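Dock the two chains into a complex; use the hints.
One-letter residues, chain by chain:
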Amino acid sequence: MYRWIQQFGSPKYFYDISLVVSKWIGVICLICFIAGLYGGLVIAPPDYQQGDSYRIIYIHVPASWMSLFVYMILAISGAITLIWRIKIADFVARSSAIIGASFTFLALATGAIWGKPMWGTYWVWDARLTSELILLFLYLGYIALQSSFEDRRVGARAGAILALIGVINIPIIHYSVEWWSTLHQGPTISKLDAPSIHYSMLIPLLLMAIAYKTFYIYTLLINIRSEIIESEYNATWVKKMIGD
Amino acid sequence: MSPRKKRIFVICIVLSGITISVALILTAFEKNLMYFYSPTEVANGSAPEVRDFRIGGIVLKDSVKRNVDNLKVSFVLTDTVSEIEVQYEGILPDLFREGQGIVANGKLQSNNIFIAKQVLAKHDENYMPPEVAEALEKANSHFMEQYK
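Chains A and B are the protein sequences, given in the same order. When the first sequence is numbered by our numbering, its final residue is 244 and no position is left out of the sequence of numbers. When the second sequence is numbered by our numbering, its final residue is 392 and no position is left out of the sequence of numbers.
Bound conformation, chain B alone (with noise of 0.2 Å):
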């Protein structure tokens, strides 16, 4: 074997050991890299009880209810499957509103209901003009529910 045969021999070797244990890796540490649970992952009980965890969802239509007095607000939390209610105080991101993906950090309590400390909006991958997305949602309100 020539030396840079060799050379090329080596590095494929080494590479293809890195990938191996990189993905062996990150398939231990699958849950840790998740960065939030699905509303059916917290019914199931998978999510943690002690600690405070990130629930991810659509918000569920007609679920919001704003405080009058304060900023205190609750809203529920939905995967089309199952169904959480989040309880907040704050200041929510402007992109929050019925039908859009948001992310909620907090702590689950006994009564099934999410304390959250911190709400952040989730955009999609959709980009367009609001005409269109008018447009679109007339034709088929269907199509929009899918992709909010």
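Extracted from the complex, chain A is given alone in its bound form (with noise of 0.2 Å):
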């Protein structure tokens, strides 16, 4: 197991990887996205309650998932950053951070949008509400804290702690609106019953959420190549690449 997480982690084994990732990924992509969207605005019927308005489940659900799974993402590669010292793990929690926050800032706009014609105001102070802004502060604080030390080592490990400590908010956003009466309403799907949503608008829904999630991978995939080529300049693999 630890052989295999060095092998992954040398940088020139995980360059080639990922470049025959990425293209599949991309595909996948773009397919589900496409397919997903057509699903959602077009062919999936209005809902009973909310008509067109619930559309925007496309978008904010998948992009709430994200803001969870991305953070947890962030919280295990600073785990490997702190106890492996591993640089790809670096990397991704990097990587992961403005990704995830794109992500959350989407979730949080795209609810404040549907918010005004559903609930009948932007924004309230709910549980729901409250912790998935506190997501966001504590993606924004990794950026900043990582990005303020002169030495990326001491960043890395100084943002991997707080990414460590900010993931006991990820069972509080999931749970809230469970725990607490809030106004968002509670899981329609990730509960253990039958998903209450119609089939007819959980196809798409589903296709949304694998193209959010393959579109993580690629632009992740993408950075993480960018941050080797930076940090592996002086390495010959990377000077024979680029063709001197």
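There may be inaccurate statements among the hints.
Take a look, some chain A residues computed to stay more than 10 Å from chain B by CB distance [unchecked claim]:
#1 Gly26
#2 Leu82
#3 Ser102
#4 Thr236
#5 Met241
Below, simulated DMTMM-like cross-link-like pairs (lysine to aspartate or glutamate); rule was C-alpha separation at most 25 Å, straight line [unchecked claim]:
#6 Lys116/A / Asp368/B
#7 Lys116/A / Glu369/B
#8 Lys191/A / Glu369/B
#9 Lys213/A / Asp338/B
#10 Lys116/A / Glu285/B
#11 Lys275/B / Glu178/A
Now the stretches of chain B that chain A is said to cover, found in silico as 3 or more residues with beta-carbon under 8 Å [as the list claims (entries may be wrong)]:
#12 245 to 256
#13 266 to 279
Hints in this document: simulated from the structure, not taken from any laboratory. On a predicted model such as this, the values are computed, not experimentally measured, just so you know. All C-beta atoms, glycine included, are put in the ideal place defined by N, C-alpha and C.
Spelled out as structure tokens, the structure:
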């Protein structure tokens, strides 16, 4: 296991693998995105209660899921950075933070746009919305903290500690709608029961979720590749590849 | 203990410490984290009497009375156990209707009438086409009752 991690952590190995993976991930992302958007905005029927306004879930819900998922990746890479000191883990964390912050912002923004016509307000300080806002601040705090150190490795460790501490917010966001009374509705899909969404609306949503996840992996790999080249610019394989 | 094991150990200790402290804080502030009170809690007197608070419940069927001359409206909120009358003046959200879950922000008067300054609609976690909702309602009117 440890040897596998070591090999995977080798920059050149990672670079070569990621080039191949990227291509396929990009294709899957594009197909799912187009199919999901078309299915969600055109094919899916309007909602019995919210009419056409509900269609923003195809942007909002996957973005919210990803905001939590990416934070888990950030925290796990933080732990790997602290324990095993593997360079790639720090690259993953740095790149994930920016993408995760964007997903969180998108979730908050689309939620506000949805909230105005449905709830009657853009924003309320209920447990779900507030904890999601804290998540955005955790991401921004991470980005600010790790880039404020002269020494990259020190910044990586400081950021990793913040990311690990912030992980406590993830279950709070997820269970906020069950633990406390909130204006935000309860879970539709992630519960121990059949999803309370009609399958004609569910399929495009799942397609969009795949599109978001593959988009994250795609952008993450691009970011990591540029980080690798930046940090390994003296290595022979980089020089050979660039072709001096 | 190797340095690596030591680091794993420290991380685990710190994380569990944070988890416990956050759990304690959240339990201590449980009341403040509740976005709204239910009509039963208001009837019990656990809602604040002097300051504003929010009350959440379902608009009772056939309880909405609109004033013809102005935007004044009154309705009864219920959680199927207790009921409370709410008065409001202003524009209601589109989703507001009888049987809908709503959250009202305002103050409780001594005559047990809640004067709302703001009324927000709470939509549920169910998504389905109107035809399905209709069919469900026809098949079992009680089904919709519990989900509304």
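For each hint, the structure was consulted:
1. Gly26: 30 Å, holds
2. Leu82: 6 Å, violated
3. Ser102: Given that every Cβ of chain B is farther than 10 Å from that of Ser102/A, nearest at about 26 Å, it holds.
4. Thr236: 30 Å, holds
5. Met241: 33 Å, holds
6. Lys116/A / Asp368/B: Within the cut-off at roughly 16 Å; holds.
7. Lys116/A / Glu369/B: 17 Å, holds
8. Lys191/A / Glu369/B: 11 Å, holds
9. Lys213/A / Asp338/B: 34 Å, violated
10. Lys116/A / Glu285/B: Violated. Lys116/A to Glu285/B sits at ~28 Å, over the 25 Å cutoff.
11. Lys275/B / Glu178/A: 14 Å, holds
12. 245 to 256: holds (count 4)
13. 266 to 279: holds (count 6)
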